[in-house]
Amino acid sequence: MDFLATLVNHSPALIIAVPLLGAFLTPLIGKINGKVRNVFVILVVACTSFLIALLAYNVFTNGALSADAVTNNIQTYVFGAKDIGTPAVRIAFEVDAMNAFMALIAAILPLAAVVYSWAFMKDETGQDKYYTLILLMTAGMLGMMLTGDMFNFFVFLEITSIATAALIAFRIDQKYSVQAAFKYIVISSIGALFVLFAVALFYGQYNALNMAVIGDSIKYTMLDKIALVLLIASLALKTGIAPMHMWLPEAYGRAPSSVTVVIIGTTLGSLYAMFRMIFTVYGKHIWDLGKTMALQLPQLLGILLVALAILTIILGVFMALKQSDLKKMIGFAAVAEIGYMLLAVGSAIATISLNESGVTVMTSAGQMALKGGIFHVLNDALDVGLLFLVAGAVYFAAKETSLNKLGGLARNMKYTTVFFLIGLFAVSGLPPLNGFASKLMIYESTYAINPILSIAAILCSILLLATFVKVFHSVFLGPKIPKFSNVKEVPKSMLIGMAIIAVIIIFIGLFPNLIVENIVKPASEALMNYGLYLGGI
Amino acid sequence: MLEFLDPFLKTLQTDSGFWNPILWGFAFVIIFLIAYIIRGFGKQAYKEKTEQTKAFLSGNPEYEKEQMHIKGSNLYWGFMEIMKFAYDKFNKMHNGNTGDYVLWFVIILGIFFIVLGVL
Numbered sequence: 263m264d265f266l267a268t269l270v271n272h273s274p275a276l277i278i279a280v281p282l283l284g285a286f287l288t289p290l291i292g293k294i295n296g297k298v299r300n301v302f303v304i305l306v307v308a309c310t311s312f313l314i315a316l317l318a319y320n321v322f323t324n325g326a327l328s329a330d331a332v333t334n335n336i337q338t339y340v341f342g343a344k345d346i347g348t349p350a351v352r353i354a355f356e357v358d359a360m361n362a363f364m365a366l367i368a369a370i371l372p373l374a375a376v377v378y379s380w381a382f383m384k385d386e387t388g389q390d391k392y393y394t395l396i397l398l399m400t401a402g403m404l405g406m407m408l409t410g411d412m413f414n415f416f417v418f419l420e421i422t423s424i425a426t427a428a429l430i431a432f433r434i435d436q437k438y439s440v441q442a443a444f445k446y447i448v449i450s451s452i453g454a455l456f457v458l459f460a461v462a463l464f465y466g467q468y469n470a471l472n473m474a475v476i477g478d479s480i481k482y483t484m485l486d487k488i489a490l491v492l493l494i495a496s497l498a499l500k501t502g503i504a505p506m507h508m509w510l511p512e513a514y515g516r517a518p519s520s521v522t523v524v525i526i527g528t529t530l531g532s533l534y535a536m537f538r539m540i541f542t543v544y545g546k547h548i549w550d551l552g553k554t555m556a557l558q559l560p561q562l563l564g565i566l567l568v569a570l571a572i573l574t575i576i577l578g579v580f581m582a583l584k585q586s587d588l589k590k591m592i593g594f595a596a597v598a599e600i601g602y603m604l605l606a607v608g609s610a611i612a613t614i615s616l617n618e619s620g621v622t623v624m625t626s627a628g629q630m631a632l633k634g635g636i637f638h639v640l641n642d643a644l645d646v647g648l649l650f651l652v653a654g655a656v657y658f659a660a661k662e663t664s665l666n667k668l669g670g671l672a673r674n675m676k677y678t679t680v681f682f683l684i685g686l687f688a689v690s691g692l693p694p695l696n697g698f699a700s701k702l703m704i705y706e707s708t709y710a711i712n713p714i715l716s717i718a719a720i721l722c723s724i725l726l727l728a729t730f731v732k733v734f735h736s737v738f739l740g741p742k743i744p745k746f747s748n749v750k751e752v753p754k755s756m757l758i759g760m761a762i763i764a765v766i767i768i769f770i771g772l773f774p775n776l777i778v779e780n781i782v783k784p785a786s787e788a789l790m791n792y793g794l795y796l797g798g799i
Numbered sequence: 104m105l106e107f108l109d110p111f112l113k114t115l116q117t118d119s120g121f122w123n124p125i126l127w128g129f130a131f132v133i134i135f136l137i138a139y140i141i142r143g144f145g146k147q148a149y150k151e152k153t154e155q156t157k158a159f160l161s162g163n164p165e166y167e168k169e170q171m172h173i174k175g176s177n178l179y180w181g182f183m184e185i186m187k188f189a190y191d192k193f194n195k196m197h198n199g200n201t202g203d204y205v206l207w208f209v210i211i212l213g214i215f216f217i218v219l220g221v222l
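Taken in order, these protein sequences are the chains called A and B.
If you're matching positions, the first sequence starts at 263 in our numbering and goes up one per residue.
If you're matching positions, the second sequence starts at 104 in our numbering and goes up one per residue.
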């Protein structure tokens with residue numbers, strides 16, 4: 263077996279091991295020199311991203327790099343006992359197209375963040391701790407996205423939460439940072455404990471922790487219903503879905519911008535977990551209609567999710583519009599964006615029904631909504647991520663984030679202004695950038711399901727555009743303000759960090775079909791064909 | 104010869120519609136050119152740095168440039184006033200109290216349990 267195939271075979275383990283080991287080596291390397299440490303961290307993240315790219319390519323192509331490792335577009339990696347017959351003292355990573363899709367997002371964000379951090383954090387103390395925590399958060403986030411084990415998911419969720427809370431409070435001299443971190447850790451701990459409770463309910467009933475084994479055994483008893491409720495509600499809390507979203511703008515707004523970019527990935531990791539639980543662990547009962555229930559589960563669940571999604575979009579957009587702090591405003595916009603993904607996926611679930619032949623199907627509009635929702639996960643991560651990096655650049659240059667005090671920065675920060683415009687166009691769903699393609703898919707499909715949903719989504723998107731026009735006017739346009747006359751463009755590493763994301767946004771915007779056909783469609787099919795995942799172990 | 108470009112140029116089908124940014128780009132350029140040509144038919148008598156270019160603020164005096172920048176919270180004032188009834192409620196929700204955040208979680212947990220567990 264050649265080196266590349268071996269690397270691909272072990273990539274699920276290496277993707278976690280490399281940043282984890284890197285995290286604990288960082289303080290040691292920091293003793294040598296700050297620059298050496300920064301290079302080391304960038305190399306660790308770049309290496310992780312490369313491994314993710316290899317794994318994703320192998321999964322999407324069903325084994326082009328290593329045919330032995332992949333079956334039915336699923337790559338499994340078992341830590342511990344290999345055979346199912348032995349006592350199941352083991353953890354399995356099961357990577358299908360959906361996991362690979364999420365891991366690709368997690369490959370981009372930390373890379374942009376650490377490159378950006380080089381200059382952004384250069385005057386801060388405690389950088390060894392900062393980079394250690396960033397790498398720990400990355401390892402935790404990737405673990406959440408790749409694991410096929412419920413308890414292991416909980417462990418990675420906790421690793422991510424603790425690292426994230428510490429990073430939100432990184433600027434400990436600012437009291438609001440500590441306050442936001444405290445709120446985050448309270449909310450995260452509650453969410454994680456309810457996830458653990460659900461895991462215990464599964465283990466008590468089925469003597470299993472593996473998602474595929476649980477999904478195969480699940481009977482939809484009252485305990486399973488309770489576990490479903492606990493999982494959806496707690497993961498919705500971790501994702502920042504309204505009315506449980508209040509922690510999110512504070513956490514996003516108070517953390518250093520380079521950290522916020524990675525937190526976006528962890529938030530989307532929780533959203534992915536919710537989709538995995540609904541479509542795979544409870545897949546049998548989502549897709550097996552008309553046998554056990556008077557009222558069908560997909561319709562009930564779909565309507566609930568859509569209602570929460572609309573509430574999330576409206577609250578996010580309205581609150582964003584009134585904010586006068588740049589980062590908090592983007593935080594509320596991020597809440598609204600999560601609503602769009604949930605709207606699409608909730609609508610897709612609601613369309614699952616029996617056709618004339620008595621077979622359970624998701625309608626064509628539902629399938630399009632699911633694809634649009636998944637596509638929007640990628641777009642949201644990039645668009646909101648870029649806007650936060652721009653906000654960080656504004657803070658770095660002007661030491662100010664109040665929209666009432668800023669103004670005229672486009673004169674001094676030309677590149678940052680261009681990056682902001684790219685983010686503005688993308689997040690508001692303006693053509694030709696990536697946000698337009700995914701929102702178009704969501705609008706069209708939800709219109710076919712219920713026009714009111716689509717109309718509400720479009721109106722809120724217009725308000726989102728108005729919000730960012732306000733930011734553009736307040737921060738970048740207008741006459742030169744004396745206080746900011748000496749403001750200079752941010753250093754190159756920060757520009758490169760923003761450019762990494764901006765280039766990907768433009769690429770996806772120009773070639774959306776390439777992304778949808780090769781990455782998004784396999785991911786949505788992986789969610790719909792739950793049987794393949796259950797049979798993967 | 105240029106077959107490798109095919110995947111890049113394919114149109115995204117969205118059930119009832121489609122989206123092709125390359126086509127949109129061409130359309131944008133054509134529309135821009137048409138608009139530019141129409142602009143060329145405008146008055147040639149426009150003179151820079153004369154009374155024509157001075158700001159007219161309903162008869163009010165023009166302040167120094169630095170003072171003329173409209174601050175963020177002044178934008179959309181009318182919208183905020185009309186939607187005050189909603190904002191009053193939204194502001195009460197966002198009170199910064201962690202206990203209230205947890206309460207919302209408990210409420211959602213209860214709703215989900217009633218809908219999914221009992222119905």
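No lab work stands behind these hints: they were computed from the structure.
For clarity, every value in this text was computed on a predicted model and none was experimentally measured.
Glycine included, each C-beta is placed from N, C-alpha and C at the ideal position.
Careful: at least some of the hints might be erroneous.
[Said to hold, decoys possible] Restricting the straight-line Cα-Cα distance to at most 16 Å, the calculated cross-link-like pairs of lysine to aspartate or glutamate (EDC-like) are:
| hint | chain 1 | residue 1 | chain 2 | residue 2 |
| --- | --- | --- | --- | --- |
| 1 | A | Lys297 | A | Asp390 |
| 2 | A | Lys584 | B | Asp191 |
| 3 | A | Lys745 | B | Glu167 |
| 4 | A | Lys667 | A | Asp587 |
| 5 | B | Lys192 | B | Asp203 |
| 6 | A | Lys676 | A | Glu751 |
| 7 | A | Lys783 | B | Asp118 |
| 8 | A | Lys742 | B | Glu184 |
| 9 | B | Lys174 | A | Glu662 |
| 10 | A | Lys745 | B | Glu169 |
| 11 | A | Lys481 | A | Asp550 |
| 12 | A | Lys584 | B | Glu184 |
[Unchecked claim] Derived list of chain B stretches under chain A, where covered just means 3 residues or more per stretch with a C-beta under 8 Å from a C-beta of chain A:
| hint | region |
| --- | --- |
| 13 | 134–142 |
| 14 | 146–157 |
| 15 | 194–206 |
| 16 | 211–221 |
Item to check | Per-stretch coverage check for the region 134–142 of chain B, three Cβ contacts closer than 8 Å to chain A | outcome: violated (count 0)
Checklist entry - If you look at each residue in the region 194–206 of chain B, do at least three have a Cβ nearer than 8 Å to any Cβ of chain A? => result holds (count 7)
Checklist entry - If you draw a straight line from the CA of Lys745(A) to the CA of Glu169(B), is it 16 Å or shorter? => result This hinted pair holds, its Cα atoms lying about 10 Å apart.
Next on the checklist: Cut-off 8 Å, C-beta pairs, minimum 3 residues; does the coverage of the region 146–157 of chain B by chain A stand?
Outcome noted: violated (count 0)
Checklist entry - Straight-line Cα separation of Lys584(A) and Glu184(B) no greater than 16 Å? => result holds, 11 Å
Next on the checklist: Cut-off 8 Å, C-beta pairs, minimum 3 residues; does the coverage of the region 211–221 of chain B by chain A stand?
Outcome noted: holds (count 8)
Checklist entry - Is Lys783(A) close enough to Asp118(B), meaning Cα to Cα at most 16 Å? => result holds, 14 Å
Item to check | Hinted pair Lys742(A) and Glu184(B), Cα distance within 16 Å | outcome: The hint is violated at about 30 Å.
Checklist entry - Does Asp390(A) lie within 16 Å of Lys297(A) when you go C-alpha to C-alpha? => result It holds: about 11 Å lies between the C-alpha atoms, which stays within 16 Å.
Checklist entry - Is Lys667(A) close enough to Asp587(A), meaning Cα to Cα at most 16 Å? => result holds, 10 Å
Item to check | Pair hint Lys481(A) and Asp550(A), alpha-carbon separation not exceeding 16 Å | outcome: holds, 11 Å
Checklist entry - Given the proposed pairing of Lys192(B) with Asp203(B), does the C-alpha separation stay at or below 16 Å? => result It holds: about 14 Å lies between the C-alpha atoms, which stays within 16 Å.
Going through the hint list in order, the structure does not satisfy hints 8, 13 and 14.
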